[in-house]
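Chain A is already provided as a structure; the job is to place chains B, C and D on it using the hints.
Number of protein chains: 4
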Amino acid sequence: MPRQFGGLWPALVTPFGANGKPDIAVVERLVDQFARDGLDGLYVTGSTGQWPLLTLPERQDIVAAAVRASAGRLPIMAHVGAVTTEDAVTLAKHAAKVGADAVSTVAPIYYPASADVVFEHYRCVGAATDLPLFVYHIDIAQKLSADPRQYTERLVALPNIAGLKMTSLDLYLFGLIRAYGGDRLQLFSGADEVLCHAVVSGSIGAIGTFYNLWGKSCKAAWMAMRAGKIDVARAFTLRFQTAIARVLAAGSTWTFLRQAMQQKYRIDIGMPRPPLGSQDKPWSDAEVAEIIALVDGNP
Amino acid sequence: MPRQFGGLWPALVTPFGANGKPDIAVVERLVDQFARDGLDGLYVTGSTGQWPLLTLPERQDIVAAAVRASAGRLPIMAHVGAVTTEDAVTLAKHAAKVGADAVSTVAPIYYPASADVVFEHYRCVGAATDLPLFVYHIDIAQKLSADPRQYTERLVALPNIAGLKMTSLDLYLFGLIRAYGGDRLQLFSGADEVLCHAVVSGSIGAIGTFYNLWGKSCKAAWMAMRAGKIDVARAFTLRFQTAIARVLAAGSTWTFLRQAMQQKYRIDIGMPRPPLGSQDKPWSDAEVAEIIALVDGNP
Amino acid sequence: MPRQFGGLWPALVTPFGANGKPDIAVVERLVDQFARDGLDGLYVTGSTGQWPLLTLPERQDIVAAAVRASAGRLPIMAHVGAVTTEDAVTLAKHAAKVGADAVSTVAPIYYPASADVVFEHYRCVGAATDLPLFVYHIDIAQKLSADPRQYTERLVALPNIAGLKMTSLDLYLFGLIRAYGGDRLQLFSGADEVLCHAVVSGSIGAIGTFYNLWGKSCKAAWMAMRAGKIDVARAFTLRFQTAIARVLAAGSTWTFLRQAMQQKYRIDIGMPRPPLGSQDKPWSDAEVAEIIALVDGNP
Amino acid sequence: MPRQFGGLWPALVTPFGANGKPDIAVVERLVDQFARDGLDGLYVTGSTGQWPLLTLPERQDIVAAAVRASAGRLPIMAHVGAVTTEDAVTLAKHAAKVGADAVSTVAPIYYPASADVVFEHYRCVGAATDLPLFVYHIDIAQKLSADPRQYTERLVALPNIAGLKMTSLDLYLFGLIRAYGGDRLQLFSGADEVLCHAVVSGSIGAIGTFYNLWGKSCKAAWMAMRAGKIDVARAFTLRFQTAIARVLAAGSTWTFLRQAMQQKYRIDIGMPRPPLGSQDKPWSDAEVAEIIALVDGNP
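Residue numbers (my numbering), protein chains in the order written: chain A, 1 to 299; chain B, 1 to 299; chain C, 1 to 299; chain D, 1 to 299.
Please keep in mind that the hints were generated in silico from the structure rather than gathered at the bench.
Note that beta-carbon positions come from the ideal geometry of N, C-alpha and C, so glycine has one too.
Incorrect hints may have been included.
Said to hold, decoys possible - Straight-line distance between alpha carbons at most 20 angstroms, and here's what the computed PhoX-like set of lysine-lysine pairs gives: (1) 264/D with 216/D; (2) 229/C with 216/C; (3) 229/D with 216/D; (4) 216/B with 264/B; (5) 229/A with 216/A; (6) 229/A with 229/B; (7) 216/C with 264/C; (8) 229/C with 229/D; (9) 229/B with 216/B; (10) 143/B with 143/D; (11) 143/A with 143/C; (12) 143/A with 216/A.
As the list claims (entries may be wrong) - So the derived label-pair ranges between C-beta atoms look like this: (13) 37/B with 150/D: 52 to 58 angstroms; (14) 223/D with 116/A: 38 to 44 angstroms; (15) 266/A with 250/D: 55 to 61 angstroms; (16) 227/A with 158/B: 53 to 59 angstroms; (17) 6/B with 146/C: 40 to 46 angstroms; (18) 37/D with 99/C: 54 to 60 angstroms; (19) 19/D with 99/A: 30 to 36 angstroms; (20) 57/A with 235/D: 53 to 59 angstroms; (21) 282/D with 99/C: 42 to 48 angstroms; (22) 37/B with 264/A: 49 to 55 angstroms.
Stated by the list, open to error - If you want the footprint, here are the derived chain B segments under chain A, 3+ residues with CB under 8 angstroms: (23) 64-70; (24) 168-176; (25) 200-209; (26) 225-232.
Extracted from the complex, chain A is given alone in its bound form (with noise of 0.2 angstroms):
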């Protein structure tokens, strides 16, 4: 039996210093933040880590840097997805080496790719390690898992194969995974919308963007979900429904993520590599305490 993972992760941004680089200094501190506030693991160098960005070199320091400041304190499961398999297997073998929990990868992108090609990328960062595998199911589009119980078999199948990040909002998909899946797959959420809906379909946790800021918050409503305390998670769903949707339709999610952490943890992530965040208008002070206080409450 693989590992049990579980709770409420974030997605760890990538911080970047003013010379345009990772900040390796950002990325110890958010660590040790994220322990400190009680979360249950990191996602690192996912797509909210902005990997396609990122240089070979600088995702391994990334992996390397979390696993350092983590120091057993929370898990660390490494992206190793990559436009080519030779270095998606590359990365997986550097987040064994310097001591990830897991690795993860999203399907090949840019060329459309039928399922032999998607599962045999897939069965390659698999087998190229020890560590639990999660695959990134992302629905935008991908045609893979038209056939659920068909998806499940060969997702099942792979080496390694320990469970799911579903960025999806469909949640019959989802639980029919968890069906056909049953106990051989640890099925997180990774649409921070349906956080808690997830959870009657059987989510052992989330992974998301959001819980960068929100964490803590996030965590108790999902635990007062799995408790059953059902118009607690509902009324937070709403608050936190709107926050996201209130940033989304500004258009500038990193600088508000910028000086929400910033007002919050006194912690710089500065901007991300172009064309990322190329546009994105400074917000308001005002504005960005209210959003916080929308999910957290005042204090």
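Leaving out everything else, chains B, C and D in the frame of chain A:
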């Protein structure tokens, strides 16, 4: 304040006789069955009720029969959506005259329609009677709700608006409409697959096809969910979603429902009007019994 | 061998009187106009002819009037597609009885339908009469043609099949059906925007909305294209596409057509049945004249 | 006025050696082959050239080799699109330095990007050198061109803009951009399937994958089309589209190209970098020969 609705409502199937006409006697038996089962209301001549394949007089007969058979035991919501606005208005007035409790309408079909055209159509239906209006939201091929706040504002401004039947797996949109609309909108979940999940987004009940067959079990699961019995709701959800997937994958939904309702209620809903059901295959009695039991449990 | 059709065919608008009913006298005037303009046929009670908003008797009256008014000058293809297979068959038989030259049908609407259901619907319509059958191919939300070879094989096996009205911008699919179907399928282009391009994929003619207004000019361009006058066809295409874009962007297509046909033919097609056209705004006469001239050239 | 380009351009495949590295000697042989075949230019390190799987130095070597091997016989357009804006700018400057004739770039990939982000990315690439810029328009998952007039206006305002590679079957959009952009935009058709059709929308040439194999035949067909030989263009188009469909349906495009180019040119392009091609099956020599002849005719 409009009347408050809620609970578990079958989207009533329209039963057909051997002569190819709607079978009013069977309509009455179904209504009686669902009232005795303790369900909470009926949605009549909707998509499950095959409105596009029925004539106006047929639709009026069915609504009148449902009201008559319910005799006040179950509120009756008449779906009056039609291709022409005039027909929808005619049906709404008839529904009011025969004593239906609410009306509902889909957006215009077949021709792509602007938001202005859609809302004018809704406005005419809402203004046609004093009955509460529930807009039937379908997310296929509909861009209306791209800005959920604006969409909600236009909805709450409709005459006699009371709520929505949200037939969508998107519980982020569901929650945003709930958050923006507050108590002004009563939201029924219309996607059977997420019956329990929708509670977390503030649903006041559910309307759906499969409640014709599994109404009592679904109501019990929904009440368990509301009472915070997450384990019960999760276990039910995985079984229910699996059963739905098994039925839909076979491409013979109508014959499944027909045979299952015969087994369970001794009521024959006949075969629908082609092209619906024209290629449905018969099921084995054993498989039907097995799928029924998957949701209801074994007797 | 079925009769050979071809050339430039308006998808006849259905004109309405002030009483909200189809105006048969105006139908006759339009048919006469298009016959005198030297156009090549008429497609009646299709989408432009607003079939979903018409009753069966209304549709029958319009087809009968078109046949009568044509008096053999223009072949009449009756679109008999309907929500129920039975209604489509009824309309097909009526079309044959009153002397139409061909029938056509869309796939079933509203409910998602399997390929088997769709082809059984087509089969019933084709078998209902001895008239040549033209399937009305729309590519929105239709997965039927994902395998173009298989799709073509099923089409050519239909009773009385003569061809397709291909309402799609996809000239790759168009060409594959032409290649696989060979002389067994006469392909009309149904997307006005690619009237001339479709000649390169083997179209035998075109059926469309805007030919109600610009039939003569479009026929001239189409003949130039067939004669290899590429420069003429290209210059026309850019003007025609620009005119279409200008009309569609305004969201008031019906009032444009109405005012333009009044200016050009002195024929009033009235206003359609709501919800169609319910929010159309009036155009300035000058702008209408300018757009007409963009395609027709200045007199 | 920017330099005028046009004609038939292969989107050069990137050949790989047995060591898994780009094979520069084969790049040179291919360039020489296409120059001697009388083709009109080369599009290098685009999607067919597998840019996302190559390192920056590899891309630079390929571009430099193409320029060198062409020795002025064929203009070289370097695709410099990259995940980061900085890399794209670096590649553009290198292309200028080594003597490429134009640069081209896709929109940012992986992350959904607003129009502002996309155009800032284009702007940086255009401003990086004095070379003419061709935007690589792909219509998958891209809402940028929903308003074609506005899209065209933003395009023509870019620094050094010369045109577009329009990789889309939508010849309505193609024509509108041609009409709005006039002589300010040189439009290459990038969808092989509509090579001839695009002439009617004002294409000045075509860039595509299959011209690596069938460049001479495609150029002859394209010139026949421009000369008004519609029957020749139509017959060719049906054969060419059928050949493409046959190759794509097999899901082994790369091995087809490899074996076909071996048969035809005695040049081995090797196997691409996985995941691309990882599940490609070998073809029979007879089938490859048959498909080659379908387009080229029998020798």
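Results of checking the hints against the structure:
no., hint, result
1, 264/D with 216/D, "holds (12 angstroms)"
2, 229/C with 216/C, "holds (17 angstroms)"
3, 229/D with 216/D, "holds (17 angstroms)"
4, 216/B with 264/B, "holds (12 angstroms)"
5, 229/A with 216/A, "holds (17 angstroms)"
6, 229/A with 229/B, "holds (9 angstroms)"
7, 216/C with 264/C, "holds (12 angstroms)"
8, 229/C with 229/D, "holds (9 angstroms)"
9, 229/B with 216/B, "holds (17 angstroms)"
10, 143/B with 143/D, "holds (13 angstroms)"
11, 143/A with 143/C, "holds (14 angstroms)"
12, 143/A with 216/A, "violated (35 angstroms)"
13, 37/B with 150/D: 52 to 58 angstroms, "holds (57 angstroms)"
14, 223/D with 116/A: 38 to 44 angstroms, "holds (40 angstroms)"
15, 266/A with 250/D: 55 to 61 angstroms, "holds (58 angstroms)"
16, 227/A with 158/B: 53 to 59 angstroms, "violated (39 angstroms)"
17, 6/B with 146/C: 40 to 46 angstroms, "holds (42 angstroms)"
18, 37/D with 99/C: 54 to 60 angstroms, "holds (58 angstroms)"
19, 19/D with 99/A: 30 to 36 angstroms, "holds (32 angstroms)"
20, 57/A with 235/D: 53 to 59 angstroms, "holds (55 angstroms)"
21, 282/D with 99/C: 42 to 48 angstroms, "violated (59 angstroms)"
22, 37/B with 264/A: 49 to 55 angstroms, "holds (51 angstroms)"
23, 64-70, "violated (count 0)"
24, 168-176, "holds (count 6)"
25, 200-209, "holds (count 3)"
26, 225-232, "holds (count 6)"
When each numbered hint is compared with the structure, violations occur for hints 12, 16, 21 and 23.
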